[in-house]
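Visitor: Reading the first sequence from the start, the letters are residues 1 to 590 in the numbering used here.
Read the hints as simulated data drawn from the structure, not as lab findings. It cannot be assumed that every hint is accurate.
Using 30 Å as the maximum straight-line C-alpha spacing, the simulated DSBU-like pairs for lysine-lysine come out as follows [to be verified]:
#1 Lys26 / Lys93
#2 Lys93 / Lys288
#3 Lys306 / Lys345
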Amino acid sequence: MNKQTNSTALRSHLCGDMRVENIGQKVTLCGWVGRRREHGEHLAFLDLRDFSGIVQCVVDNSVDVRSEWVLRITGTVQARPAGTVNDNIPTGKVELADCTIEVLNNAEPPPFPIDQRGDDVDENVRLKYRYLDIRRERMQKNLRLRASVNSAIRKSMESQGFTEIETPLLMPSTPEGAREFLVPSRNEPGSFYALPQSPQLWKQLLMVAGIDRYYQIAKCLRDEDLRADRQYEFMQLDAEMSFVNKDDVMAMISTAVIAAAKAATGSEPPPIERMTWHDAMNHYGIDKPDLRFEMKLIEMTEVFAKTEFKAFASAESIKAICVRAAEYPQQAASGRNKLDALTDKAKKLGAKGLVWIKVTEGFVLDSPVAKFLSESEQSQLISLTKAEVGDLILMVADTWSTTCSVLGQLRNDLGRPPVHEGPYRYVWVVDFPMFVGINPTTKMPQPGHHPFCHPHHEDVDRLESDPLSVRALAYDLVLNGWELGSGSIRIHEPDLQRRVFRQLGISDEDADNRFGFFLQPFKYGAPPHGGFAFGIDRLVAILAGEDNIREVIAFPKTQSGSDPMTNAPTTVNPNQLNELGIRLLPPAAK
RNA sequence: GGUCCCGUGGUGAAGUUGGAGUUCACGCCGCCCUGUCAAGGCGGAGGUCGCGGGUUCAAGUCCCGUCGGGACCGCCA
Numbered sequence: 001m002n003k004q005t006n007s008t009a010l011r012s013h014l015c016g017d018m019r020v021e022n023i024g025q026k027v028t029l030c031g032w033v034g035r036r037r038e039h040g041e042h043l044a045f046l047d048l049r050d051f052s053g054i055v056q057c058v059v060d061n062s063v064d065v066r067s068e069w070v071l072r073i074t075g076t077v078q079a080r081p082a083g084t085v086n087d088n089i090p091t092g093k094v095e096l097a098d099c100t101i102e103v104l105n106n107a108e109p110p111p112f113p114i115d116q117r118g119d120d121v122d123e124n125v126r127l128k129y130r131y132l133d134i135r136r137e138r139m140q141k142n143l144r145l146r147a148s149v150n151s152a153i154r155k156s157m158e159s160q161g162f163t164e165i166e167t168p169l170l171m172p173s174t175p176e177g178a179r180e181f182l183v184p185s186r187n188e189p190g191s192f193y194a195l196p197q198s199p200q201l202w203k204q205l206l207m208v209a210g211i212d213r214y215y216q217i218a219k220c221l222r223d224e225d226l227r228a229d230r231q232y233e234f235m236q237l238d239a240e241m242s243f244v245n246k247d248d249v250m251a252m253i254s255t256a257v258i259a260a261a262k263a264a265t266g267s268e269p270p271p272i273e274r275m276t277w278h279d280a281m282n283h284y285g286i287d288k289p290d291l292r293f294e295m296k297l298i299e300m301t302e303v304f305a306k307t308e309f310k311a312f313a314s315a316e317s318i319k320a321i322c323v324r325a326a327e328y329p330q331q332a333a334s335g336r337n338k339l340d341a342l343t344d345k346a347k348k349l350g351a352k353g354l355v356w357i358k359v360t361e362g363f364v365l366d367s368p369v370a371k372f373l374s375e376s377e378q379s380q381l382i383s384l385t386k387a388e389v390g391d392l393i394l395m396v397a398d399t400w401s402t403t404c405s406v407l408g409q410l411r412n413d414l415g416r417p418p419v420h421e422g423p424y425r426y427v428w429v430v431d432f433p434m435f436v437g438i439n440p441t442t443k444m445p446q447p448g449h450h451p452f453c454h455p456h457h458e459d460v461d462r463l464e465s466d467p468l469s470v471r472a473l474a475y476d477l478v479l480n481g482w483e484l485g486s487g488s489i490r491i492h493e494p495d496l497q498r499r500v501f502r503q504l505g506i507s508d509e510d511a512d513n514r515f516g517f518f519l520q521p522f523k524y525g526a527p528p529h530g531g532f533a534f535g536i537d538r539l540v541a542i543l544a545g546e547d548n549i550r551e552v553i554a555f556p557k558t559q560s561g562s563d564p565m566t567n568a569p570t571t572v573n574p575n576q577l578n579e580l581g582i583r584l585l586p587p588a589a590k
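Based on the provided sequences and hints, a complete structural model is requested.
Guide: Given below as structure tokens:
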């Protein structure tokens, strides 16, 4: 911030800006009383705090000012006497003397310390007094970092020719996707608006409308259960471009993300690498791989092609992960209880079982199944996993997708560091499958993404003959195992759109009923287009070194969707319900 | 919908095989203190151990339920 703009009618400077250069100046500062240190009848030290930091004020001990009172202090900046410099704070070489104190407001003692110790306070208490929590340096830093990320993104998008356009919050309910928040209509009782899960429909219409490059930092709302990385309402950089291929979109988004990261951390991350969805699943067992640690899935199917071990015989896919004692001593040394728990976990995740093998002295394998494995199988197991003595090998034999996903989950459980720990590993995951399987009841392919996602040009011919082999022009951006966002090239050809709908079991008539207002415009000359959206909260949290997006949101909700400060959600006045034509049912009996 | 963890003065914790609301630190109130900086010294106030049942001579402690918070699975096209 321009220092001159910090000067106001009430103050001349900011507390945290006081430096040796200010010595001799008469300044007026405004802020809150941090700590008070009393030293007799006529000497006390006050730490005066504003958003910029704290500065020590030397005052007469007779003044009655207490914790978190709001003061305006006029005084002279002076060098601290020799031996009293505090190197731990930026203002530690100076102090404010000859202070005249004006009490702008007094305050009750805060429920928790307005400093680093607030980090240990129950989050519910922090949220109940969020306005005090935000006074703390951590939250001030996080919210300002968030603002600088937003600013860098805007600057980057604008310099790349994108036009910012706001889209409605009140829109029709759309049948697919996440659960929506509904808003009852007063003028049409019985009818509802929905709040947008994303501006997806609007931005595609803006492409039909010839905007060419649209972006918006948009609030999105989804009525799904909350998590460390999920809130009901969250911010997305939402963008869409015309006359592009996926490389164009990924380049634009990469530029914006790299600009944001640089603004937040001061250093530019390297170009973002790419990985196909198939490779991600095959090597990491998940479509949002965390590249900060190894423990990759190791292919074992061939090794056990002719095995005598029944559980492995005829399995479509056999893979292993090696928990290395050198990196994960505790996990590798897991005892029987822990291994049984891992086996239970694997079964819960859909595997038929989990084979564990401990590599003991002399590369002797300790495992309930060791006796079923031939000498050659055992030696190949060790050489392919590069296992050392003390390592723990976990194996799953199942369908390819089950083997991958179960081991991927175990890999994350056993090895994944907290999301904010460095280094930052961005990765584009590309070539997602168009369909993720066959619905057992309808016998129809299940969509991997929304149904407007364009199939890979090379695969379009197989849409009907071999739908599961069709790749989508879809891509996700992943950072440290968190999905930052996803995008795709959209279908702009009405004929192709109908073919995709039919594959999903949606007849032309159904499609018109459910998506009519959205499909109609595409008859009037839709350009080829594609776009992306990524979650600002998640990016900011990781860049801020937090592993929870609530730490970078000013007023977040708890995991149950409530706000301890405002008590939202609340009941409403019956008159409001009457006006909306809404009558409440009695609470459902349990 | 499910699995797991947590709930003790304002805050953070300790509380043993069940034995008196016991303890520690910070904060708060008062007094002392002229160079501290998470100042220091002395004194004081402050709690229905989330809530409701149960077991027991006796429950913060064991059991059941419930409420609140958190992590994860489902879910989030």
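Visitor: It remains to establish, for every hint, whether it holds in the given structure.
Guide: Here is what the structure says about each hint:
Pair hint Lys26 plus Lys93 holds up; C-alpha atoms about 16 Å apart against a cutoff of 30 Å. Distance check on the hinted pair: Lys93 and Lys288 sit about 48 Å apart at the alpha-carbon level, beyond 30 Å; violated. Simply put, Lys306 and Lys345 have alpha-carbon atoms about 28 Å apart, close enough for the 30 Å limit, and the pair holds.
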